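So the chains spell out like this:
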Amino acid sequence: MANSRISVDPATIKAHDHAREREIPTVWERHEAMQPICAFGDLGLCCTICYMGPCRIDPFSKEDVGGACGAKKDTISARNFTRATAAGAAAHSDHGRGVCQVLLDAARGEAKDYQISDIEKLKTLAAELEIETENVSYADLAAQVARRFFDNFGQSEGYIDLIKRAPEGQQQRWKKAGVYPRAIDREVVECLHRTHIGVDADHRSLILQAVRCALADGWGGSMIATDVQDVLFGSPKPVRAKVNLGVLKQDQINVVVHGHEPLLSEMIVVASRDKEILDYAKSKGAVGITLSGICCTANEILMRQGYPVAGNFLQQELAISTGAVETMIVDVQCIMPGLTEVAGHFHTQVITTSEKARIPGAKHLQFEEHRALDFAKTILKSAIDNFPNRDAGKVDIPQEMMDLVAGFTAENTFHHLGGTFRSSYRPLNDGIMSGRLRGVVGVVGCNNVRIPHDSGHIALVEELLKHDVLVIQTGCSALACAKAGWLRPEAAKEKAGQGLREICETVGIPPVLHMGSCVDNSRILVACAEMVKEGGVGVDISQLPVAAAAPEAMSEKAVSIGLYAVASGITTFYSPAPRILGTPAVLDYLTKGMEKDFGACWVFEDDPIKAAHGIIEHLDRKREALKLDPMMYPVKISRSA
Amino acid sequence: MPDKRKVFVVSNLCTGCRTCEIACAVEHSQSKTLLGAISEELPPRYRIQVQAGDDLKLPLNCLHCEEPDCLFACKSGAVSKNPETGQVSVDMSRCVGCWMCVMVCPFGAAQPDHHRGKVIKCDLCEGRAGGPACVEACPTRALFYGTNEEFRAFIEEMKQIGIIGKSA
Amino acid sequence: MNYVIIGNSAAGIGAAEAIREVDAESAIVIISDEPESAYSRALISYELAGWIDKGELTFRPPEFYTEKNIEVQSGQRVVKIDTSVNEVHLRGGDTVPYDRLLLATGGSPQKTGVKGEEKEGVFGFRTYGDLQKIYKSVKKAKEGIVLGGGCIGLQAASGLHHHKIKTTIAITSPHLLSQVADPECGDFFQALFEDNGIKVKTGVKPLEFKGGDRIETVLFDDGTELPTQLVITGKGVKPNTDLAQGTKIEIDWGIKTDDRMATAEPNIYAAGDVAVTKDRVSCESTVNAVWPCAYEQGRIAGLNMAGKKVAYDGSMRMNAADFFGVSFISIGIVKPVDAGYESHSYFSQDQKIYRKMVFKGNHLVGAVLVGIVDNAGVLTNLMRKRVDVSTIKNDLLQGRYDFAVMSKLIKDQMESFQEPEYQEIVVV
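Residue numbers (numbering that gives the first Met the number 0), protein chains in the order written: chain A, 0 to 640; chain B, 0 to 167; chain C, 0 to 427.
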């Protein structure tokens with residue numbers, strides 16, 4: 000496979016070459032060996048729901064006789080889409096439930112290693128939930144908040160609480176469409192029920208349930224996860240750090256945390272600073288311990304602790320194939336089972352820690368929140384013990400490494416825009432209204448081996464910056480742009496259009512703002528709601544000059560995120576499309592019909608430059624509808640790109 | 000010796016995934032892409048068909064017969080057999096859709112295309128760089144493109160490495 | 000070696016091509032009384048119906064003869080065969096010597112025997128010449144009558160309809176396609192034709208073609224008299240056996256042949272619509288005047304003329320056509336007259352699907368397919384090879400007859416499947 004098909008990141012190419020020379024297959028080789036991709040599956044025309052099948056619909060046949068039960072292609076692909084949404088929402092939300100449990104345990108003194116780090120946020124949350132805050136201990140308040148959030152998962156009456164954060168326009172649209180989310184688990188369960196054989200066969204009805212489930216994720220499970228993590232571990236603040244495989248150190252014990260939840264990784268951070276542990280490391284001949292992250296765990300310890308990032312999703316195996324990683328500690332989501340195969344070529348131990356995720360070939364050490372710090376120390380000791388097993392001859396760490404600033408949130412980001420003295424979205428809205436900024440676009444999502452690693456994120460964001468679009472990012476997408484250097488304030492000068500540059504330089508922020516992990520896409524929803532509240536750029540999210548993009552989407556979580564973004568009024572450019580392209584009816588609803596119901600739609604465009612231009616045109620249409628000032632520094636779209 | 004290559008079938012390697020059909024239809028579409036092909040006004044038709052028997056999955060295609068009944072039956076002179084390559088081809092500009100070939104092909108490999116009023120059958124993806132698209136697409140190597148000798152050698156190899164039974 | 004072939008259609012060309020496969024050198028002369036180079040007789044109805052462009056009937060391109068080094072004498076009529084000196088006599092008096100002679104003289108439309116048959120505007124429908132004459136009349140005609148409800152008759156009617164002529168099909172039988180289909184199927188096509196604006200009159204015999212020099216009306220035995228300016232008769236074809244007179248060649252309706260397509264006269268072969276062959280399904284000797292059989296017989300004759308010993312496994316009744324977008328294929332014995340046959344049919348008016356299977360014992364002997372004709376060749380093959388279909392009979396009756404279904408039979412009846420293709424396909 001040509002390197003241009005692998006990645007646009009030189010470190011990734013080097014590390015992959017290294018693995019290839021050693022004949023260690025990674026995701027690229029496995030994906031190639033798996034070709035051709037099954038077109039029935041790819042088009043969403045394969046149904047494996049009941050055991051009469053599997054059934055598949057011929058995409059070339061003019062007559063659709065349906066599968067064995069008579070489900071035609073619109074039913075089949077809408078069901079598949081709904082199930083994907085449910086799985087994605089379940090993943091985010093179960094993560095949210097996990098952190099709520101720790102908040103409750105911490106409040107009750109049962110998880111003594113955790114504490115309430117952001118009291119202000121706790122109080123704000125409690126007020127929002129209409130919990131009495133006067134004369135109540137923080138512990139009690141935390142327990143009440145945790146219990147209330149637990150109720151949001153399984154309550155039999157009412158609606159999820161944080162949905163109230165959405166502007167009135169969204170509230171009305173959701174009620175009208177009948178998608179106002181009730182309880183998080185309930186919506187996931189209902190997706191599964193409806194998609195069982197012989198229940199809901201109407202594609203629009205199915206997708207609307209998927210919408211309700213996705214909203215329960217974005218304004219529910221994910222938002223709860225974000226907020227409770229902020230309470231427990233502190234709200235992020237801008238912080239400088241380093242990113243890419245070059246953060247791994249030849250002379251240090253390299254411990255990589257990978258997955259999604261910060262519960263354990265935060266404790267490992269603490270443990271790694273422990274003198275006893277550091278002394279132990281030195282006793283084994285290491286200069287120190289380098290703790291770094293992959294995927295969203297990386298984002299969590301990056302934005303709160305400034306810890307380095309080894310890489311994003313497609314780099315997880317490559318981190319191991321540097322030969323320099325003693326231990327990779329994983330929890331949940333996006334962890335390739337192929338890791339242990341790669342680790343088998345080196346001394347690296349892969350340790351699974353969540354009872355929800357075990358991987359053949361990995362060592363399992365069950366994480367216990369009640370003795371979190373001890374557990375973290377045990378793991379670090381085990382990593383240190385593994386250091387002497389490292390084969391220096393096999394070590395090959397690409398030296399690439401980039402500076403970045405992370406740690407922006409819905410609350411703090413615009414403190415910067417307004418200056419540190421007041422927290423207001425006014426300056427952002429003014430920037431947009433005056434035509435300095437074209438709009439704000441959230442570029443988020445995964446890596447996908449079908450697309451050269453990072454290429455979609457890089458190309459899309461670069462084009463947006465040129466056109467004075469402020470980019471906010473989360474997840475693996477943020478890490479892609481971080482590696483490219485665009486999360487440095489200096490990038491404003493190098494990459495941004497004149498208007499964006501002026502704002503960035505005045506405030507001293509990068510043109511691309513890191514807003515966290517993938518559950519933190521909820522921060523983007525809140526930011527949009529705040530923009531509406533501030534006024535002047537639309538009374539409903541769908542009127543804002545904003546958009547979202549996931550140019551290398553891979554997971555079911557991305558489907559759920561895309562769907563809650565669109566249902567919340569944010570038009571979303573998504574690639575590769577979820578498996579609905581073989582079904583004109585479903586495609587039509589997602590790309591056109593949703594516009595009527597929710598004021599926004601999906602756009603499936605695989606070319607990141609074309610997607611960027613689509614986004615720019617979309618923002619311009621929104622600006623025009625709001626009769627905003629023309630762009631202060633117009634830049635012509637160059638079609639040659 | 001002339002290069003008489005064609006598509007052979009190893010039926011017990013076929014999983015019935017129908018990827019060959021898709022590849023064939025896409026190759027015979029206007030756009031040559033999957034997404035383009037499924038949205039064409041007159042969708043392309045595949046020439047290869049995965050047929051199912053009791054214990055059999057058979058990706059069936061034109062066998063480019065030694066004595067092609069379709070050629071003998073064609074009343075418009077559209078069918079010919081290349082003496083060098085053995086390929087039986089249909090000159091589409093001359094096919095009138097009389098279905099004589101459909102009536103006589105023992106394998107059902109000549110299919111009527113009512114939308115276009117012409118027969119469709121395997122053209123071995125003539126001119127395609129990678130050879131027939133179906134063969135390239137098959138994930139389990141149930142299709143083989145080559146000469147008879149090459150095919151026999153392939154079968155032997157498959158038997159040696161135990162992919163197909165020795166009894167076969 | 001001198002090969003002489005009389006007739007330049009399917010059988011003649013089939014023979015010439017086969018000879019060339021074996022013998023690249025010897026002279027081949029094709030003599031044809033038609034002025035055109037090889038064209039497909041079977042396509043004249045397609046041209047009349049506008050399905051193919053005018054003049055696209057060429058069955059082999061003009062360069063075919065030079066490439067294959069074949070001499071063609073077009074517009075020449077052979078009037079006599081002199082078997083004593085192995086020569087054929089042309090009308091002009093010339094003679095052509097032969098070492099091997101093929102009679103591929105075809106057939107001619109049968110006379111109707113109706114009074115007034117010679118009038119202008121009454122045509123047979125078989126040759127390119129007929130077509131040209133019809134074209135001339137078509138321009139002036141408002142009304143037309145087709146006598147005959149077989150495939151050719153129906154195609155002729157579609158052709159006249161295409162030229163905006165108010166067309167009536169008049170037949171003596173009670174339903175269309177009576178030779179090759181059941182009433183149910185015939186009635187389906189009658190409705191189809193009527194829906195498309197063509198009238199069908201069943202159970203009537205023409206008594207007289209009336210008018211002056213030109214046809215003006217046709218009088219039928221039910222007393223009706225229909226005005227018309229054009230009549231096409233489709234009463235079937237009679238083998239052109241005249242040349243056999245004065246030779247040892249045996250005639251029984253057509254020219255009798257053995258399994259190498261040889262006649263009783265040494266070095267003289269016959270093939271195509273003139274030849275009597277053994278029907279491989281009914282086992283009766285008969286003329287199966289259809290294109291695929293003609294070509295195949297010509298090919299067998301040619302191979303044997305060139306010294307190969309190849310046996311013909313027999314001809315078959317079969318025909319395929321397409322009427323107003325509805326396909327029709329009929330194979331083998333589809334209207335058995337005696338006991339011992341078993342017929343099953345399935346009909347769906349909505350789907351425009353009709354299917355009939357005829358069995359004799361464990362053998363499939365006939366099939367009619369309407370609407371969906373895919374895999375018809377599999378059925379043809381089952382009949383042709385006379386394989387025992389008892390194990391797949393239920394599949395056949397339910398319309399499942401793709402090759403995979405049939406392939407079950409191969410292992411048990413290997414002797415019937417000796418062609419190399421079967422070895423290739425059922426490898427493991």
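Please keep in mind that the hints were generated in silico from the structure rather than gathered at the bench. All values derive from a computational prediction rather than experimental measurement. We treat Cβ as the ideally placed atom computed from N, Cα and C, and that holds for glycine. Take these hints with a grain of salt, some might be off.
What the hints assert, rightly or not - Derived BS3-like pairs: lysine-lysine, alpha-carbon spacing no greater than 25 Å straight-line: (1) B:158 / C:308; (2) C:351 / A:61; (3) B:80 / C:407; (4) A:609 / B:31; (5) C:407 / B:3.
What the hints assert, rightly or not - A short list of chain A residues far from chain B (calculated; beta carbon distances all over 10 Å): (6) 34; (7) 59; (8) 355.
Hint check results:
Restraint check for residue 158 of chain B and residue 308 of chain C: not satisfied, since their Cα atoms lie roughly 39 Å apart, outside the 25 Å limit. As the CA atoms of residue 351 of chain C and residue 61 of chain A are separated by approximately 17 Å, the hinted pair is consistent with the 25 Å bound. Simply put, residue 80 of chain B and residue 407 of chain C have alpha-carbon atoms about 29 Å apart, too far for the 25 Å limit, and the pair is violated. Simply put, residue 609 of chain A and residue 31 of chain B have alpha-carbon atoms about 21 Å apart, close enough for the 25 Å limit, and the pair holds.
Proposed proximity of residue 407 of chain C and residue 3 of chain B is contradicted: the alpha carbons are some 28 Å apart, above 25 Å. A beta-carbon of chain B is positioned within 10 Å of the beta-carbon of residue 34 of chain A; the least distance is around 8 Å. Remark: the non-interface label on residue 59 of chain A conflicts with the geometry, its nearest Cβ contact in chain B lying 4 Å away (cut-off 10 Å). The claim that residue 355 of chain A lies off the interface holds: its Cβ sits roughly 32 Å from the closest Cβ of chain B, which is beyond the 10 Å cut-off.
Taken one by one, the earlier hints fail for this structure at numbers 1, 3, 5, 6 and 7, listed in ascending order.
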